[in-house]
Amino acid sequence: MAKFAVILPAAGKSTRFSDKEKKPYAALDGRPVWLRTAELFVSRADVCQCILVIDPSDEEMVKRKYGANMAFLNISLVHGGSERFQSVANALKMLKDEIEFVAIHDSVRPCVTSEMIDRVFQQATKSGAAILALPMTDSLKRGSITEPVIIEQSLPRERLWLAQTPQVFSKEIILKAFENVPKGATDDSQVVEATGAKVSIVVGSSSNIKITTIDDLFLADSILKSRPKPKANASVHPFADDMFR
Numbered sequence: 201m202a203k204f205a206v207i208l209p210a211a212g213k214s215t216r217f218s219d220k221e222k223k224p225y226a227a228l229d230g231r232p233v234w235l236r237t238a239e240l241f242v243s244r245a246d247v248c249q250c251i252l253v254i255d256p257s258d259e260e261m262v263k264r265k266y267g268a269n270m271a272f273l274n275i276s277l278v279h280g281g282s283e284r285f286q287s288v289a290n291a292l293k294m295l296k297d298e299i300e301f302v303a304i305h306d307s308v309r310p311c312v313t314s315e316m317i318d319r320v321f322q323q324a325t326k327s328g329a330a331i332l333a334l335p336m337t338d339s340l341k342r343g344s345i346t347e348p349v350i351i352e353q354s355l356p357r358e359r360l361w362l363a364q365t366p367q368v369f370s371k372e373i374i375l376k377a378f379e380n381v382p383k384g385a386t387d388d389s390q391v392v393e394a395t396g397a398k399v400s401i402v403v404g405s406s407s408n409i410k411i412t413t414i415d416d417l418f419l420a421d422s423i424l425k426s427r428p429k430p431k432a433n434a435s436v437h438p439f440a441d442d443m444f445r
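Position in the sequence shown counted from 1, then plus 200, gives you the numbering used here.
Among the hints, erroneous ones may be present.
[What the hints assert, rightly or not] Subject to a maximum C-alpha distance of 25 Å in a straight line, what follows is the list of computed SDA-like cross-link-like pairs (lysine to any residue): (1) 293 <-> 398; (2) 425 <-> 289; (3) 410 <-> 315; (4) 220 <-> 413; (5) 371 <-> 282; (6) 220 <-> 289; (7) 341 <-> 357; (8) 203 <-> 319; (9) 213 <-> 415; (10) 341 <-> 407; (11) 293 <-> 315; (12) 376 <-> 300; (13) 293 <-> 279; (14) 263 <-> 289; (15) 296 <-> 318; (16) 293 <-> 371; (17) 429 <-> 318; (18) 383 <-> 283; (19) 203 <-> 415; (20) 203 <-> 213.
[Unchecked claim] Derived DEER-like restraints, expressed as beta-carbon distance ranges: (21) 202 <-> 355: 37 to 47 Å; (22) 352 <-> 296: 48 to 58 Å; (23) 282 <-> 428: 38 to 48 Å; (24) 243 <-> 336: 31 to 41 Å; (25) 346 <-> 203: 50 to 60 Å; (26) 403 <-> 243: 17 to 27 Å; (27) 315 <-> 425: 13 to 23 Å; (28) 406 <-> 264: 28 to 38 Å; (29) 348 <-> 202: 44 to 54 Å.
Worth flagging that the hints you see were computed from the coordinates, not collected in a lab.
Bear in mind that the values here come from a model prediction, so they are computed numbers and not experimental data.
Think of the CB as a built atom: it goes at the ideal place given N, C-alpha and C, for glycine as much as any other residue.
All chains, full assembly: derive it from the sequences and hints.
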């Protein structure tokens, strides 16, 4: 069985999230978003390391509120940088020697399923690099920089995909890629692509949403409540949902 590390970036400023809490720490059906996300990975036999990347200014709060959870689930804390790629780079420095593959997953994508994770992990072990993504179905328009915005061009959507996470890479590939991060890269896959490595696409789901706004939080709550509740097992941690209400 291949050994995976999971990196959960949670160091963003949440500027578009109008709430008293930053989005990774907002309550989602009784538990913080980041914890619901982390639980999907730490319960897996193939995940040997889980790293939560946080804003240094949040460290005291995170340890106070979630220290017991993190200790029980064996989740490590790493300080993030001013950019996402600095945050991921900091986490990559903490990888255990035995790790073979690295999965980078937005801490605010709590609706990914075990089945999606299975498929992208499996493909990464075959090809060395794989991401979840959705084929583009909406019409694409390029707008002007003026106000009001005017359509300047309609773009073909064939062969276009919307990237999601997890994005999974062999340790060798991701470490090499982060030696020279290209300017303007918008996700970790783009950093890897810049080295010439081939990244496979695994079809994701429209339910695998990234929480950016309060409306997204409500939508994520609806998605999770619409799914059958998983059966409890011995690995479930002892902190009840009500602890975070």
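- Message: If you test the structure against every hint from before, which numbers come out violated?
- Response: 2, 6, 11, 19, 20
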